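Chemist: Generate the whole structure from the sequences, applying the supplied hints.
First to last, the protein sequences are chains P and F.
For what it's worth, the working numbering labels the leading residue of the first sequence as 1, then goes sequentially.
For what it's worth, the working numbering labels the leading residue of the second sequence as 1, then goes sequentially.
Among these hints, one or two may not hold up.
Remember, identical chains collapse to one label, so a pair may be satisfied in a single copy or spanning two.
[Unchecked claim] The calculated DMTMM-like cross-link candidates involving lysine to aspartate or glutamate, where the alpha carbons are at most 20 angstroms apart (straight line), are: (1) K82 <-> D295; (2) K107 <-> E301; (3) K323 <-> D120; (4) K82 <-> E296; (5) K82 <-> E301; (6) K222 <-> D233.
Everything labelled a hint here was simulated from the structure, so no lab data went into it.
It should be emphasised that the depicted structure is a prediction, and the values quoted were computed from it without experimental measurement.
Chain by chain, the residues run as shown.
There are 2 protein chains.
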Amino acid sequence: MNNSFTFQLQARSGRGRAGVFQTPHGPLQTPIFAPVGTLATVKGIHPAQLTELGASLVLANTYHLYLRPSDTLIAEMGGLHKFMQWPGPMLTDSGGFQVFSLASSRKIDDEGVTFKSHIDGSMHRFTPEKSVQIQENLGADIIMAFDECATPYDRAYIEKAMERTHAWVVRCQQAKTRSDQALFGIVQGGIYSDLRKRSAEFIASLDLPGIAIGGLSVGETKAEMNQALEAVDPILPDDKPRYLMGVGMPQDLVNGVLRGVDIFDCVLPTRLARHNAAMTRTARLNLVNAMYTRDERPIEEGCTCSTCQHFTRAYIRHLVVCKEILGAILLSIHNLHILLQITRELRQAVLEDRLQAYADDFLSKVQPDQDPLVSEDRRD
Amino acid sequence: MNNSFTFQLQARSGRGRAGVFQTPHGPLQTPIFAPVGTLATVKGIHPAQLTELGASLVLANTYHLYLRPSDTLIAEMGGLHKFMQWPGPMLTDSGGFQVFSLASSRKIDDEGVTFKSHIDGSMHRFTPEKSVQIQENLGADIIMAFDECATPYDRAYIEKAMERTHAWVVRCQQAKTRSDQALFGIVQGGIYSDLRKRSAEFIASLDLPGIAIGGLSVGETKAEMNQALEAVDPILPDDKPRYLMGVGMPQDLVNGVLRGVDIFDCVLPTRLARHNAAMTRTARLNLVNAMYTRDERPIEEGCTCSTCQHFTRAYIRHLVVCKEILGAILLSIHNLHILLQITRELRQAVLEDRLQAYADDFLSKVQPDQDPLVSEDRRD
Numbered sequence: 001m002n003n004s005f006t007f008q009l010q011a012r013s014g015r016g017r018a019g020v021f022q023t024p025h026g027p028l029q030t031p032i033f034a035p036v037g038t039l040a041t042v043k044g045i046h047p048a049q050l051t052e053l054g055a056s057l058v059l060a061n062t063y064h065l066y067l068r069p070s071d072t073l074i075a076e077m078g079g080l081h082k083f084m085q086w087p088g089p090m091l092t093d094s095g096g097f098q099v100f101s102l103a104s105s106r107k108i109d110d111e112g113v114t115f116k117s118h119i120d121g122s123m124h125r126f127t128p129e130k131s132v133q134i135q136e137n138l139g140a141d142i143i144m145a146f147d148e149c150a151t152p153y154d155r156a157y158i159e160k161a162m163e164r165t166h167a168w169v170v171r172c173q174q175a176k177t178r179s180d181q182a183l184f185g186i187v188q189g190g191i192y193s194d195l196r197k198r199s200a201e202f203i204a205s206l207d208l209p210g211i212a213i214g215g216l217s218v219g220e221t222k223a224e225m226n227q228a229l230e231a232v233d234p235i236l237p238d239d240k241p242r243y244l245m246g247v248g249m250p251q252d253l254v255n256g257v258l259r260g261v262d263i264f265d266c267v268l269p270t271r272l273a274r275h276n277a278a279m280t281r282t283a284r285l286n287l288v289n290a291m292y293t294r295d296e297r298p299i300e301e302g303c304t305c306s307t308c309q310h311f312t313r314a315y316i317r318h319l320v321v322c323k324e325i326l327g328a329i330l331l332s333i334h335n336l337h338i339l340l341q342i343t344r345e346l347r348q349a350v351l352e353d354r355l356q357a358y359a360d361d362f363l364s365k366v367q368p369d370q371d372p373l374v375s376e377d378r379r380d
Numbered sequence: 001m002n003n004s005f006t007f008q009l010q011a012r013s014g015r016g017r018a019g020v021f022q023t024p025h026g027p028l029q030t031p032i033f034a035p036v037g038t039l040a041t042v043k044g045i046h047p048a049q050l051t052e053l054g055a056s057l058v059l060a061n062t063y064h065l066y067l068r069p070s071d072t073l074i075a076e077m078g079g080l081h082k083f084m085q086w087p088g089p090m091l092t093d094s095g096g097f098q099v100f101s102l103a104s105s106r107k108i109d110d111e112g113v114t115f116k117s118h119i120d121g122s123m124h125r126f127t128p129e130k131s132v133q134i135q136e137n138l139g140a141d142i143i144m145a146f147d148e149c150a151t152p153y154d155r156a157y158i159e160k161a162m163e164r165t166h167a168w169v170v171r172c173q174q175a176k177t178r179s180d181q182a183l184f185g186i187v188q189g190g191i192y193s194d195l196r197k198r199s200a201e202f203i204a205s206l207d208l209p210g211i212a213i214g215g216l217s218v219g220e221t222k223a224e225m226n227q228a229l230e231a232v233d234p235i236l237p238d239d240k241p242r243y244l245m246g247v248g249m250p251q252d253l254v255n256g257v258l259r260g261v262d263i264f265d266c267v268l269p270t271r272l273a274r275h276n277a278a279m280t281r282t283a284r285l286n287l288v289n290a291m292y293t294r295d296e297r298p299i300e301e302g303c304t305c306s307t308c309q310h311f312t313r314a315y316i317r318h319l320v321v322c323k324e325i326l327g328a329i330l331l332s333i334h335n336l337h338i339l340l341q342i343t344r345e346l347r348q349a350v351l352e353d354r355l356q357a358y359a360d361d362f363l364s365k366v367q368p369d370q371d372p373l374v375s376e377d378r379r380d
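Modeler: In structure tokens:
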């Protein structure tokens, strides 16, 4: 019997959950944060460093890999795991988000989307079937249903996009041929709780091995994000992992787990690193700032990452001022560690049934003005 | 008694030498290749990866670090080893080469050189005393005498620059105050054997703990480089390490050890990596080339570096085509490994007295057209 894709809920603390999701490349101990390897590489990070960081799930982007080097090439090379030498579980998105956020000249119809490549302007067409086919070529453990992403405040468009997303997930289910991949459906509905509930009910009815919550962290407020999560939480089944897509600020992880989320991903830690910024639990540091010139402290006091164990802010500032690659590497290691460490702590807090106390303490220390540098552009 | 800076010759094979040079940060088992960490970082490489590669000596550039972040800041931060977290032996150059190759508006007199920073156009002055002072602030184990680098074919200028270099090394000796740093003098003289001999005799007479051979790999032919090495080899003392500056193509290492060289350094492995090129023992591969699109082989068959143990040419090509940082990282690891591995093999060949056979075999396989991409520009 194939044990893959079973989700075992180990503990609850309030609405928070700790569980284990089995995949063909090993178990995922949730809650987890998944680093994003857009083009089959987590930018600036060697796979050996990902292992050292304790990463488990790694993402890759279907849209990007379809364009370069192509899903068929990756299939020929033995699939994504082998190609990029990541031995653990992987997840690919459906390409939907990038078609709507990166590509131009989009024409959407009920069948699919025609779009222009952001690389060379060539024309392409994605359908639910095509997205599944590409993701089967890539070979990740978890694949995502093709969805239409709408802007957060246009109710009429959001409703239409949601209905289309519902029709498309059924087509993805039917198109799917590999038994060693789990297809997750995506709940849409923007900031409208009634739409979110309708979408959650529909997606839950399909009995897929996991359910994602999409269309958040795209411009809505934190309160609206929390509300959307609270709307779907009681509807989603307990025995399926829940994946909040594209969300990964430290306080988002805490707020998400408080509302039943198990899996997160975000380009933010590596993108911020390439923009000279360090994430801490409470604030964000721009390491180019002259105030760090002689600062002999690590990025974050008490942090156990290899960057903070060895290097001073003064050294990292020197590197980023000189545009040295190692600056982005050291910051990426730290930023990824912070998010991975917070999800490890959240898991422990759930297992010990003290999630609310952990969250209260964490959130009380967060400083305001923590908006992503470039929240709209998820090109990474 | 301080054992530092003693050089023990362990074996000879022809003119080739194997030895151990003691430094305050550990022994150097020669022959060795030293990776270059221009701005207190070997570009693209984490210090932990340098350790994994088996690097022993690491270089840094006085000119670059004087300008950014400044030698006084590094001194405040506890010196170069602590600042960049390299626990092993380090060497700083004198700044002479960069003043002559990078800075503009140079005015040279017998006292020193006035020049304009290539960063912000500000005016600065280096003298032998100033170079030593900066290098004492930086705190490397081996420091270099301030020298004047001349173009290889202008005999009158080369002779004048050589005489000035001789006067300056004496001033460096007098200016030096730290006993935990070894000052190496530099033999100049361009391609002229009689000048090289005169320079070697003068530098050898100073009884410094090590002797460098400078002004090579700056445009002269391989035959001229070999001739210059052969001219000085019988003059230089047996009990001092010999450092051939700025030289590091695979065949140069072999040719150098055949002619009595113990230490090499070069920016080539990391610079080539950032230009998508892999070094092998026999040739150079440009990984952007479409012929590697589906090439499942490692960069070099049989190579034991972590890049070749894990990654295919097809994957590395994908990375460099997409300008992913990991491409430069994987290529830098491989290129550094090749040079470090060749010096390890050369050492073993000397210890087993089979250097000539090793060299004949090695050199017979090297393909022509191995010139550096950008041999003039050593900005790194």
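Chemist: Each hint should be assessed against the structure and marked as holding or not.
Modeler: Comparing the hints with the structure gives:
1. In this assembly of identical chains, K82 and D295 lie within 20 angstroms of each other by CA distance solely across copies; the values are 14 angstroms between and 42 angstroms within a copy.
2. Taking CA atoms no more than 20 angstroms apart as the test, K107 paired with E301 passes in neither setting, with 50 angstroms inside one copy and 48 angstroms between copies.
3. Within a single copy, K323 and D120 get their C-alpha atoms only as close as 28 angstroms, which misses the 20 angstroms cut-off; across copies the closest is 15 angstroms, which meets it.
4. Proximity of K82 and E296 under a CA criterion of 20 angstroms is satisfied inter-copy only: 11 angstroms between copies versus 41 angstroms inside one chain copy.
5. For the identical chains of this complex, K82 and E301 are inter-copy neighbours only, at 18 angstroms across copies versus 37 angstroms inside a copy, given an alpha-carbon limit of 20 angstroms.
6. With identical chains, the CA atoms of K222 and D233 are at most 20 angstroms apart within one copy only, with a shortest distance of 16 angstroms there and 72 angstroms across copies.
Checked against the numbered hints listed earlier, the structure breaks hint 2 alone; every other hint is satisfied.
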